[in-house]
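2 protein chains.
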Amino acid sequence: MRGFCVIAMAGLLNTSRGAAQDQRPLNLMPAPSGLQMGTDHLTVDSSFSVASTGHTEPRLDRAVERFLHQLARQTAIPRFAKPVSASKATLIIRTDHASKEIQELGEDESYDLEVSADGAKLTAATPLGTMHGLQTFLQLVEISPEGFAAPGVTIHDKPRFPWRGLMIDTARHFIPLDILRRNIDGTEAVKMNVFHWHLSENQGFRVESKKFPKLHEMGSDGLYFTQQEIRDLTAYARDRGIRVVPEFDVPGHSTAWFVGYPELASAPGPYEVERKWGIFNPAFDPTNEKTYKFLEQFIGEMAKLFPDHFFHVGGDEVNGKQWDANPKIQEYMRAHGIKNNQALQAYFNKRLQTIVTKHGKSMIGWDEILDPSLPKDITIQSWRGQASLADAAKQGYRGLLSNGYYLDLGWPAARHYAVDPMSGAAANLSPEEKGRILGGEACMWAEYVNPENIDSRVWPRNAAVAERLWSPPEVTDAASMYSRLEVLSARLEWLGLTHKTYYTRMLQRIAGPSSMEEFDALRTLAEAVEPVKDYTRGRTAPAIPTSATPMNRLVDAVPPESANARRFAQLVDSFIAASCRSPELDARLRVQLIRWRDNDAMLEPLAQRSFLLKEAAPVSQDLSVLGAAGLAALDFIAKGQRSPDDWKTQQLAAIQQILKPKAQLLLMPAPAVQKLIEAASGAGACSPSNP
Amino acid sequence: MRGFCVIAMAGLLNTSRGAAQDQRPLNLMPAPSGLQMGTDHLTVDSSFSVASTGHTEPRLDRAVERFLHQLARQTAIPRFAKPVSASKATLIIRTDHASKEIQELGEDESYDLEVSADGAKLTAATPLGTMHGLQTFLQLVEISPEGFAAPGVTIHDKPRFPWRGLMIDTARHFIPLDILRRNIDGTEAVKMNVFHWHLSENQGFRVESKKFPKLHEMGSDGLYFTQQEIRDLTAYARDRGIRVVPEFDVPGHSTAWFVGYPELASAPGPYEVERKWGIFNPAFDPTNEKTYKFLEQFIGEMAKLFPDHFFHVGGDEVNGKQWDANPKIQEYMRAHGIKNNQALQAYFNKRLQTIVTKHGKSMIGWDEILDPSLPKDITIQSWRGQASLADAAKQGYRGLLSNGYYLDLGWPAARHYAVDPMSGAAANLSPEEKGRILGGEACMWAEYVNPENIDSRVWPRNAAVAERLWSPPEVTDAASMYSRLEVLSARLEWLGLTHKTYYTRMLQRIAGPSSMEEFDALRTLAEAVEPVKDYTRGRTAPAIPTSATPMNRLVDAVPPESANARRFAQLVDSFIAASCRSPELDARLRVQLIRWRDNDAMLEPLAQRSFLLKEAAPVSQDLSVLGAAGLAALDFIAKGQRSPDDWKTQQLAAIQQILKPKAQLLLMPAPAVQKLIEAASGAGACSPSNP
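Heads up: the protein sequence lines correspond to chains D and P, in order. Letter by letter, the first sequence follows residues 1 to 691 of this note's numbering. Letter by letter, the second sequence follows residues 1 to 691 of this note's numbering.
Some clues are possibly wrong.
Claimed, not checked - Derived SDA-like pairs: lysine to any residue, alpha-carbon spacing no greater than 20 Å straight-line: (1) D/K500 / P/T524; (2) P/K500 / D/S49; (3) P/K276 / D/K500; (4) D/K82 / P/T524; (5) P/K614 / P/S489; (6) D/K82 / P/M218; (7) D/K82 / P/T546; (8) P/K339 / P/T357; (9) D/K82 / D/S49; (10) D/K82 / P/S547; (11) D/K500 / P/S489; (12) P/K500 / D/L495; (13) P/K500 / D/R79; (14) P/K500 / D/R73.
Unchecked claim - Just some of the chain P residues that point at chain D, by a computed CB distance under 10 Å: (15) T75; (16) P78; (17) K210; (18) T504; (19) P618.
Calculated directly from the structure, the hints in this document are not laboratory data. It should be emphasised that the depicted structure is a prediction, and the values quoted were computed from it without experimental measurement. Glycine residues also receive a C-beta, built at the ideal position from the N, C-alpha and C atoms.
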């Protein structure tokens, strides 16, 4: 089955539906595991109706209501019909049986969806599959010359991995509930099934504890989630087929705990909520029985609050400095034959695992918790990579991949997309070992995101990770991914996500009162740059960044990936592939290059007036240089002249300067312009001596 | 005092702050009644703090919290300082005394605001003035080369009229609470003080009634406000210095009441919620004592729910057909000497006024309730015009103006702005009579607005009405108004209003999956058109519009006023004023005209794929014709040639065709292009015979 399906799908997603249809590809994301096109289409208008048959439950009713609401937003059809009888409905749902009361890892999430001119049928074993199928149907509905319609299609779909998650760090910057809710809506839309909620950090403890109220009272600046809010969000996620896995990071990343309870730390207090970013010394004292008494009660309380079977204990990045400096801890280690800090953390984790297990939960943590002395029940979330994941699997531990899926590093979607949990060291595992790799999670760490720009750091790139974890491994074409991602991205805004719309507001703040021409110039600059990547942002910050640093700079506003620069690079590649002989591509390149060349002059008055734009003035000047250089290169090419060597040297030197980040921004079209300069020098396909 | 202030202000708002400062005008809206510039400025950074002195109350604390939250959104400064002591705060507020527990017409809303490098002082008699002053301060804070700052300034400010309202019709299309809340936030920002809540119509009864539950159960399609929601919204508005005046429209506009209570109507039922727009026959039976018994109880319930002193009974557009056709009513009229339907309605209103007064309220209604037989306590809201308002004032009735402020008619802001409640017939009233004119209200009738586009129909144009009602009558410069309106419009989105951002989503729905070039072409078209004006929309609809009609057309998406067309028209006027001899203006006009000329070719593939765009294809072609015609005109002018007569005739004929609405859209640049064509023919200043 899969063979046929994958082949069929690859064709249908990337090229066309066949001659009988118009030539638009399907815009499904994640791509389903099996798909066959029909020849007709189903009209979606106000007569559209839905009926649920088989197993029903209030959650399914709410899912259908949400589906119709979403369909109404997509189409602006205010009211849909009520079916006269179930068999007369346009979309007939049949769900076989209930899913587990508390959603579990590995439940059946498959569904089948058949659409034809006569109607649609959605069948699934459980409500989880039904909900995925409804999302697929929403993605099928598109505008046509006659109205809204879904193409005739037969889809058999199921996920490749059972654990497909998004982690959001709500501790470094507090992210309020309404924003989490809309991100969970987005997560549902791309068929992820885990929301990993990072709840404690050096910079904040974000959960109300009734047992230890000083945790949130003293460790959160008043920014925390009440237990009722947590119950509500968990129910909200469950309604969308999404498990909520809480993370309380111990023994490190824990300064905020110690503001209220300094006696648990490995060095005397007092402690204050940390304002800076980085790795800090404070850590629980693993040799103090009070620590375990506290965690026993605390985890008991949280285990009741969070119904999921998994409980995340963090465990990452303990630098051990407080342990090294504490004579009592050193004495304890000697007395108990604990050789080093790693062994000390393993000892802590064993004690912790007992507590977590006692409260009915399964422990999950970052790579550092892996130690052969721990029972096989624990699960490793790897921020270090496939090798570490494979290593765990060989030792009998289950694991999931997050290395390669760190959304905060600002990578292009294609780079995340290319990361497969089963590649690298994992590719050589035995089938049994492979079975221990549960999937992966995209991670949104929050040093440089806040309520205003977080959507744009998660979306749309998270959808590329979601597809990697849902779709068959053969689905790897980046061009198809980008094409579908752009359509999805627009759709996601109907859910209330603001990853596209936030941007204008932030640019308006940077600009202040400005003319239309000035604002357009700012937009042109903003669309050509990206924030610096990986951990460069923190390392090169103009002043030590803290949680009180305003995030109002251009680097905070621009999206992580410049669609404009990507398109320009594609144009340049096509132009060179055509031996630089396409007048049409030449013209399109010139339009863009002229705009860049002339942009700085229009932006300059604004940069004089706005302190937020002043720092980006050199980037704007660089963009003009790039535009002029690219145009000069095109002129040489058009005249069939080889560019003079000293011109080329000079231009390439300029590019080298331009490639250096300024104002923590990267000018993304630089490499493509460099290609044009090289082409103008007569290298390769564009040499004037070529026919 | 006023003399100096107004003169000073006009200069400062429209031109510059003087040589010592940079040359940016202040962007205050509404313009304050008195203002004097200082020479320094106050830096706003994270050390900024606020202290309240004098009278304090929880509402003021919340207002300060909201102010700081808003300042944080404008600047992205995450935390502001707490003042060590009140006298050390950056902004020191002094409120003299409390305002009335239930906000009343005519309370003191004045405030004084002094800003200098050392700090700011805001003083006001009541919290109402304090809140207005905080809004002014927010508008003063702008970006500067050094950071965020407020200019040194002394402002004495108070409203011209005591009743400055926005009416929203939540009955024809249901408008949910979150949207009302953000519109109330916008209302606060422009210092309006009344939210007039239109709650019942033929198309829906939107309030929960415990006494008569069939009103909302059968008359609302399930879309109504619960009493708790109403209490919450009223408290929300009170927190912002805004009164909530409910309107229950009787005896006409009342079909939805009769779905549950047909016995109150003047013709036998059954009744259904009306789906179409227009004036309909159903009306309460004024000759039936049951009507008054019902209204007595109903108004009693609503009088408790809505604390405001005023109670709006509608009273407009009773066509009398049900009365004419009912023999019992005719008999009653004969028996009681009621001469005609107008007298019958006056009889009804007298009975109604007794009920309203009995429940402690003052009755307000539309022009039609005016009858000399009614006591002077009633207030007239005039949808008919200043003459009707002046007439009422002469007879001793109070009134407010809405004629000229109907936002649903799609007028440009400048046209609303030019309407003064005291002009026309009102200008000749005695001072005492003038005192009866309380102010005015902008009205947002909801036939063609829904939750998606309502913000864009209210904002930013409502701010022009707000300024008319607040600022001195001498503040009338439209260019200054537009310049400040654009700045305000961007600011308003920080409040959560979506009048700017909604637009991209609606265009994306119309476009469906599309290339960047196609989407840009759609945007170019959309920015050149406006919806048809006045009541043309309903009269020329392609099919009878109802509440079930999807509002997804281009006419629903485009804003009521094309800023782009306005700017183009200004350019053309400047060009012609310069005797068509400015190469710079010529170049700028060409950029725009080339874009329009070439746009249709880029849009055409999209129009083939989208049924929502298909209807606009002729408009897109017209835009190309306009672009080409304008360019040809510029060419004649540039060559110093008089255009041939047949060319001119042909072009003007084309313009005549283009001026006709298509797809219910007006192509706004047409008149300006016509001016260019006429200029090219050698008429006026641009004649080639001129030096």
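Verification of the hints:
1. Between the alpha carbons of D/K500 and P/T524 the distance comes to roughly 19 Å, so the proposed pair stays at or under 20 Å and holds.
2. For the proposed pair P/K500 and D/S49, the alpha carbon gap of about 33 Å is over 20 Å, so the pair is violated.
3. A C-alpha spacing of about 36 Å is found between P/K276 and D/K500, which places the hinted pair above 20 Å, so the restraint is violated.
4. Our distance criterion of 20 Å between C-alpha atoms is broken by D/K82 and P/T524, whose separation comes to about 40 Å.
5. This hinted pair does not check out: P/K614 and P/S489 have alpha carbons roughly 31 Å apart, beyond 20 Å.
6. Distance restraint check for D/K82 and P/M218: the Cα-Cα separation of roughly 18 Å lies within the 20 Å cut-off, and the hinted pair is therefore satisfied.
7. With a C-alpha separation of about 19 Å, the suggested pair D/K82 and P/T546 falls inside the 20 Å cut-off, and the hint holds.
8. Restraint check: the Cα-Cα separation between P/K339 and P/T357 comes to about 26 Å, which exceeds 20 Å; the hinted pair is violated.
9. Of the pairs offered as hints, the one joining D/K82 and D/S49 holds, with about 6 Å between alpha carbons and a cut-off of 20 Å not exceeded.
10. Only pairs whose Cα atoms come within 20 Å are accepted, and D/K82 paired with P/S547 is accepted, the gap being roughly 17 Å.
11. Simply put, D/K500 and P/S489 have alpha-carbon atoms about 19 Å apart, close enough for the 20 Å limit, and the pair holds.
12. Note on P/K500 and D/L495: the hinted pairing holds, with a Cα-Cα distance of about 18 Å set against a maximum of 20 Å.
13. Distance hint between P/K500 and D/R79 is unfulfilled; the C-alpha atoms sit about 26 Å from each other, more than 20 Å.
14. Of the supplied pair hints, the one linking P/K500 and D/R73 holds, its CA atoms being roughly 18 Å apart against a limit of 20 Å.
15. Interface hint at P/T75: satisfied, since its Cβ lies 7 Å from the closest Cβ of chain D, which is below the 10 Å cut-off.
16. Annotation: P/P78 was flagged as interfacial toward chain D, and the flag holds, the nearest CB pair being 6 Å apart, inside 10 Å.
17. For P/K210, the interface hint is violated, the least distance from its beta-carbon to any beta-carbon of chain D being 27 Å, above 10 Å.
18. Annotation: P/T504 was flagged as interfacial toward chain D, and the flag holds, the nearest CB pair being 7 Å apart, inside 10 Å.
19. A cut of 10 Å between beta carbons decides the hint on P/P618: the least distance to chain D is about 16 Å, and the hint is violated.
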